[in-house]
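Could you build all of it, start to finish, from the sequences and the hints given here?
Sequences listed follow chains A and P, in order. All the letters of the first sequence, read from the start, carry residue numbers 1 to 572 under our numbering. All the letters of the second sequence, read from the start, carry residue numbers 1001 to 1186 under our numbering.
I should point out that these hints are in silico values taken from the structure, not numbers from a laboratory. Don't take each hint at face value.
Stated by the list, open to error - Straight line, CA to CA, 20 Å or less: simulated EDC-like cross-link-like pairs of lysine to aspartate or glutamate:
id	chain 1	residue 1	chain 2	residue 2
1	A	Lys56	A	Asp159
2	A	Lys572	P	Asp1090
3	P	Lys1061	A	Asp212
4	P	Lys1163	P	Glu1132
5	P	Lys1048	A	Asp201
6	P	Lys1048	P	Asp1184
7	P	Lys1002	A	Asp60
8	P	Lys1003	A	Glu57
9	A	Lys203	P	Glu1041
10	P	Lys1035	A	Asp204
11	A	Lys280	A	Asp159
12	P	Lys1042	A	Asp212
13	P	Lys1035	A	Asp201
14	P	Lys1032	A	Asp204
Just so you know, these numbers come straight off a predicted model, no measurement behind them.
Below, each chain spelled out in residue letters.
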Amino acid sequence: MNTELIGIIATFLLTLVIAIPLGKYLAKVFAGEKVWTDFLKPLETGIYKLSGINIKEQMDWKQQLKALLTINVLWLVYGFFVLIFQHKLPLNPDGNPGMTPDLAFNTIISFVANCNLQHYSGESGVSYLTQQFVLMFLQFVSAATGIAAAVVLFKAFRDKTTTQLGNFWEFFIKAITRLLLPLSVIVALILTFNGTPASYDAKDQFISVQGDTVNVSRGPAAQFIAIKHLGTNGGGYFGANSAHPFENPSYLTNMVEVMSQTIIPLAMVIAFGYFIRRRKLAWTIFGVMTIGLFMLMIPTVTSELGGNPALAKMGISQTTGAMEGKEVRFGPAATAYWSTLTTVISTGSVNGMHDSTMPLTGLWQLLAMMINGFYGGCGVGLLNYFIYLIIAVFISGLMVGRTPEFLGHKVEAREIKIAALITLLSPFLILAGTAIASYVFTNHGNAAWAVQPKAWLNNPGFHGFSEMLYEVTSSNANNGSGFEGLGDNNIFWNVLTGVIIFLGRFLPIIGPVAIAGLLGAKKFIPESAGTLKTDTKTFALMTFAVILVLNALSYFPALALGPLAEYFTMLK
Amino acid sequence: MKKYIIQSIRLTLVLIVLLCIIYPISIALAGKLSKGNGAGEKITKNGKTIGYALLGQSFTKPEYFWGRPSAVSYNAAGSAGSNKGPSNPDYLKEVQSRIDTLLKYNPGLKKSEIPADMVTASGSGLDPNISEQGAAIQIARVAKTRKISEQKVKELVALNTIKPLMGLFGPSSVNVLKLNLALDNL
Chain A
1 MNTELIGIIA TFLLTLVIAI PLGKYLAKVF AGEKVWTDFL KPLETGIYKL
51 SGINIKEQMD WKQQLKALLT INVLWLVYGF FVLIFQHKLP LNPDGNPGMT
101 PDLAFNTIIS FVANCNLQHY SGESGVSYLT QQFVLMFLQF VSAATGIAAA
151 VVLFKAFRDK TTTQLGNFWE FFIKAITRLL LPLSVIVALI LTFNGTPASY
201 DAKDQFISVQ GDTVNVSRGP AAQFIAIKHL GTNGGGYFGA NSAHPFENPS
251 YLTNMVEVMS QTIIPLAMVI AFGYFIRRRK LAWTIFGVMT IGLFMLMIPT
301 VTSELGGNPA LAKMGISQTT GAMEGKEVRF GPAATAYWST LTTVISTGSV
351 NGMHDSTMPL TGLWQLLAMM INGFYGGCGV GLLNYFIYLI IAVFISGLMV
401 GRTPEFLGHK VEAREIKIAA LITLLSPFLI LAGTAIASYV FTNHGNAAWA
451 VQPKAWLNNP GFHGFSEMLY EVTSSNANNG SGFEGLGDNN IFWNVLTGVI
501 IFLGRFLPII GPVAIAGLLG AKKFIPESAG TLKTDTKTFA LMTFAVILVL
551 NALSYFPALA LGPLAEYFTM LK
Chain P
1001 MKKYIIQSIR LTLVLIVLLC IIYPISIALA GKLSKGNGAG EKITKNGKTI
1051 GYALLGQSFT KPEYFWGRPS AVSYNAAGSA GSNKGPSNPD YLKEVQSRID
1101 TLLKYNPGLK KSEIPADMVT ASGSGLDPNI SEQGAAIQIA RVAKTRKISE
1151 QKVKELVALN TIKPLMGLFG PSSVNVLKLN LALDNL
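Structure, rendered in structure tokens:
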């Protein structure tokens, strides 16, 4: 077996070795049990005191959501103004300009929502102040928001019947002090000592060996890249994201970065099982997610290793696979591996350009973001998967003719309505968004925007359609990667994707937390012979079928018009 | 509601101090101990910076090994791939012309020997490496232009080849800048 394949297998195994103990640790941290990081308690007490927070105050699910939304709105306002006025603020050694209002609108929503879709380029679009005090700040707190929301859901199922779901601020702060910050320090140090810049030095200039004058963008990147991955954010410090040699200097850092984005979503599943004392349930969920991951990953790796058939016809050698948009130090296998994980988990960072991947790879990337629940983003992945679980419980209940139950609580009309609305939201946003974009592209090609609609697409035909579909799908999934050929920095895309990201972030947080809160408050029904067990293989299969059917029905026509059509055209 | 607003503002301020000042500055200070003092490792010649160890640069002269095609002409004040789709006809023409250029400057080279990385643009536009095969097909040209033995050039290529991590994980590659500097120092 070649070293590229051994590399990705080793990366996956190492991820498991780290993520499983991390999950057990997280369960203890959020349950308030003793852990070895308790020496950080004084830091937390200090933060509580300075912020006027009393963590003994219990919140019900509505209060939890109020706290969550309040602080998120505050960040939106704060960040928006910094982005607009960054040219007048300090720490802008390269003299980059302020953002236009529509770009600032898009960027701030994108970072508050943990999406990190970027319509600016890191080198020329933001100052060091913005990178650190807005973007990196939001990478920490948006990840912590997702984790805290998931812990609220955990709380609802730990006790038999409860409306007291703990304190949102406590979960939020602990997600930072016990998880994101310590891990970021470790990852940032690894990156720095492997060549990623970490200092505040401005742009540099040198004369190259052949005599060209070259400018080099630098800055405090290592700190940013660490949390960008750990928090499943994905926004690059530089334009080329983790394909940039400064962001990702070697195969070693590549392994570290791709593992960083995987461990917390994985750990959260394990933590769920240990927290609610139903380990078997966690392992079944984990099993479904992992099988789903492999079903997307294996064809992706195969399709990239196979190379581009159009280049094969020209007679060159593609021994290692397709290389357009990829870096030699990672190779096609590790790039394909990354592209699956970054779309399955809502990171959206890239170490190779997705726009240049093979048509079928594009199909799997899109499908991974449409499902958005195999592991998924920090905390929110589990929330998305929870909606699938509720739908699966409901359908199985109908099939066997019993009242649906989840973990001892009756699932009734209200919960199902919420779950159904959240399920319908994604196809609505993705398909309506793509339809509007296609309409504008075909009928208003000359609209006087920063990029005219007729010039949006970097590639003609079916692939061009995929560029638009990808942009909208990535926004709804809060993923943030792109088919970057799309000319997206103009008022149409900034506003459209801004709105989609916002709805695609907050409704899928509110929905599951509300369902969990409602269920948790209901009378506990002890398990009997008639109970539909949710931790069995049969139910796992049922959930898998629900995920497959829902997504196939929603998206097959759109996928057929984009990547599938391109694939079959290339076969000719 | 008012309580949440005030708590949110205070918490945000505290976290800005922790996450945007204490954390990044500590890492920047630790970075001073790394190669290049945390500002990117430079390569100097006669006291002048002539490049960054991690960044590729443009080589077009026949006496140098060429790097990969770049969508940003190796301008490190920006970075990007071509974002060309695999079936784009303009893109395929571009690849064809790169193949023709390689064939023209490397007499005796067969099409089937050209590795994909030499005719496709990298993801960052700053890829410092080429594949071993990418270097191998250029050895004859470089040796002939510089009037040195192919054996000598081969040795230098081997010296500047980066093996898979621990000999086990990932691809091997050749650093173009370091290889060309080694040639100049002969």
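Now for the hints, and whether the structure bears them out:
1. Restraint check for Lys56/A and Asp159/A: the C-alpha separation of about 17 Å stays at or below 20 Å, so the hint holds.
2. A distance of roughly 18 Å separates the Cα atoms of Lys572/A and Asp1090/P; the hinted pair therefore holds under the 20 Å criterion.
3. Taken as a hint, the Lys1061/P and Asp212/A pair is honoured in the structure, with Cα atoms around 13 Å apart against an allowance of 20 Å.
4. Proposed proximity of Lys1163/P and Glu1132/P is supported: the alpha carbons are some 10 Å apart, at most 20 Å.
5. For the hint linking Lys1048/P to Asp201/A, the alpha-carbon distance of about 18 Å falls within 20 Å, and the restraint holds.
6. Pair hint Lys1048/P plus Asp1184/P holds up; C-alpha atoms about 15 Å apart against a cutoff of 20 Å.
7. Of the pairs offered as hints, the one joining Lys1002/P and Asp60/A holds, with about 17 Å between alpha carbons and a cut-off of 20 Å not exceeded.
8. Distance hint between Lys1003/P and Glu57/A is fulfilled; the C-alpha atoms sit about 13 Å from each other, no more than 20 Å.
9. For the hint pairing Lys203/A with Glu1041/P, the CA-to-CA distance comes to about 14 Å; that is within 20 Å, so the pair holds.
10. Only pairs whose Cα atoms come within 20 Å are accepted, and Lys1035/P paired with Asp204/A is accepted, the gap being roughly 17 Å.
11. In summary, the hint linking Lys280/A to Asp159/A is supported, as the alpha carbons are separated by about 17 Å, within the 20 Å threshold.
12. Of the pairs offered as hints, the one joining Lys1042/P and Asp212/A holds, with about 16 Å between alpha carbons and a cut-off of 20 Å not exceeded.
13. At most 20 Å may separate the alpha-carbon atoms for a hinted pair to count; Lys1035/P and Asp201/A meet this at roughly 15 Å.
14. For the hint pairing Lys1032/P with Asp204/A, the CA-to-CA distance comes to about 17 Å; that is within 20 Å, so the pair holds.
Violation of the numbered hints given earlier is absent; every hint is satisfied by the structure.
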